[in-house]
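**Student:** Below, each chain spelled out in residue letters.
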Amino acid sequence: MWAYEKKLQYPVKIKNPNPKLAQIIISQLGGPDGELAASMRYLNQRYSMPNKKVAGLLTDIGTEELAHLEMVAAILYQLTRNLSEKEINDSGFATYFVDHTTGIYPVAASGVPTDMKYIGVKGDVIADLNEDLAAEQKARVTYDNILRLTDDPDVRDPIKYLRERELVHYQRFSDALRITADELDKKNFYAFNPAFDMKKGKN
Amino acid sequence: MMNDYNRTRMDNRSRADSRGYTDNRSRMDQRGSCPLCEQNRCAARRYSDTRSTRSDLPNNSTDCGCQNGCEQLRYNLQKLDFSIYELVLYLDAYPHCEEALSMYNHLVAQRKELADEYERQCGPIGILGNKSTTSWDWVKGTLPWEYGAN
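Protein sequence lines correspond, in order, to chains X and Y.
All residue numbers for the first sequence refer to my numbering, where the first residue is 1 and numbers rise by one.
All residue numbers for the second sequence refer to my numbering, where the first residue is 204 and numbers rise by one.
Heads up, none of these hints are tricks.
With a Cα cut of at most 30 Å, we get these calculated BS3-like pairs of lysine-lysine: (1) Y:Lys282 with X:Lys160; (2) Y:Lys282 with X:Lys15; (3) Y:Lys282 with X:Lys138.
Ranges of calculated distance between the beta carbons of each label pair, as one might list FRET restraints: (4) Y:Val342 with X:Trp2: 16 to 26 Å; (5) X:Ala3 with Y:Ala312: 12 to 22 Å; (6) Y:Cys300 with X:Asn82: 43 to 53 Å; (7) Y:Arg323 with X:Ala3: 12 to 22 Å; (8) X:Glu85 with Y:Pro298: 54 to 64 Å; (9) Y:Glu301 with X:Thr101: 45 to 55 Å; (10) Y:Val342 with X:Val141: 36 to 46 Å.
Note that these hints are calculated values from the structure, not bench results.
Ideal placement from N, C-alpha and C gives every residue a C-beta, glycine not left out.
Please take these sequences and the hints and turn them into a complete structure.
**Tutor:** See the structure below:
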């Protein structure tokens with residue numbers, strides 16, 4: 001099960017609201033490479049992992065992604081506080097506002113609501129870990145793109161933190177892939193799916 | 204080594220703007236944000252000050268010290284938890300690394316102490332951390348996503 005801690009993983013303290021920027025950053029909440037997709041990807045993939053180390057890693061990284069989801073939501077919440085009707089109209093935020101007011105709803109920056117089609121669960125450790133490595137890099141690129149689009153140091157600070165975490169997760173998934181390959185058939189580790197074929201004759 | 208690295212990273216964030224501003228949405232919450240503050244009547248004073256201030260302007264009258272004490276404790280906790288989480292991910296992949304395990308044990312002991320101090324002064328971190336026998340503090344205090352909670 002999960003237990004909530006009443007604090008952010010890293011502080012979010014944004015002085016100046018900026019609804020236009022919120023509309024871009026929201027992609028890391030509900031976009032294809034966002035934190036919601038990341039947490040769902042890892043937390044659902046872990047059941048078919050043949051190795052306890054890799055299953056543990058997916059659990060802990062998936063959990064950290066939930067903390068990142070909260071940080072992105074905090075950024076959006078603070079960027080959209082105390083808005084006037086004029087600011088909402090002038091910033092282009094009106095199209096989101098009309099449906100969700102200033103509530104936090106997971107959509108991509110393009111306005112498409114989040115979708116589990118963004119994630120893959122193949123039930124094969126090599127396929128899934130390769131997806132995870134790509135996912136971390138895609139999230140890193142999205143944060144890079146956000147950093148290109150804002151000068152506000154209050155926003156850049158937590159975004160830079162989140163970007164660095166993608167790099168650390170990428171390193172750990174690289175370790176996981178190497179550990180997995182080491183434990184499989186050295187001559188051909190594509191010979192079978194250890195999550196499925198190994199179960200025959202057991203349990 | 205990791206600890207020093209994290210400290211430097213986390214301290215890069217400027218703390219100069221960390222006080223003296225009240226988020227309109229959190230104004231009501233701040234009254235009960237810190238039990239220590241309530242004892243010292245700081246929270247009440249802060250609340251009456253902010254009521255006369257435009258919510259979109261910086262408010263420089265919140266220097267009672269109590270809220271900042273909780274803010275500093277929370278920040279220290281975040282730094283410690285960051286180091287611990289980094290070690291957890293590392294240990295998942297390398298469970299036999301004695302150096303990492305020893306750092307983990309060292310930091311977890313510090314974390315227990317700091318979390319206990321934080322919960323006594325500033326309210327619960329988790330649902331098992333409600334220290335008062337007479338008041339349910341879990342639903343009090345500023346919410347983590349508020350400007351005033353960071």
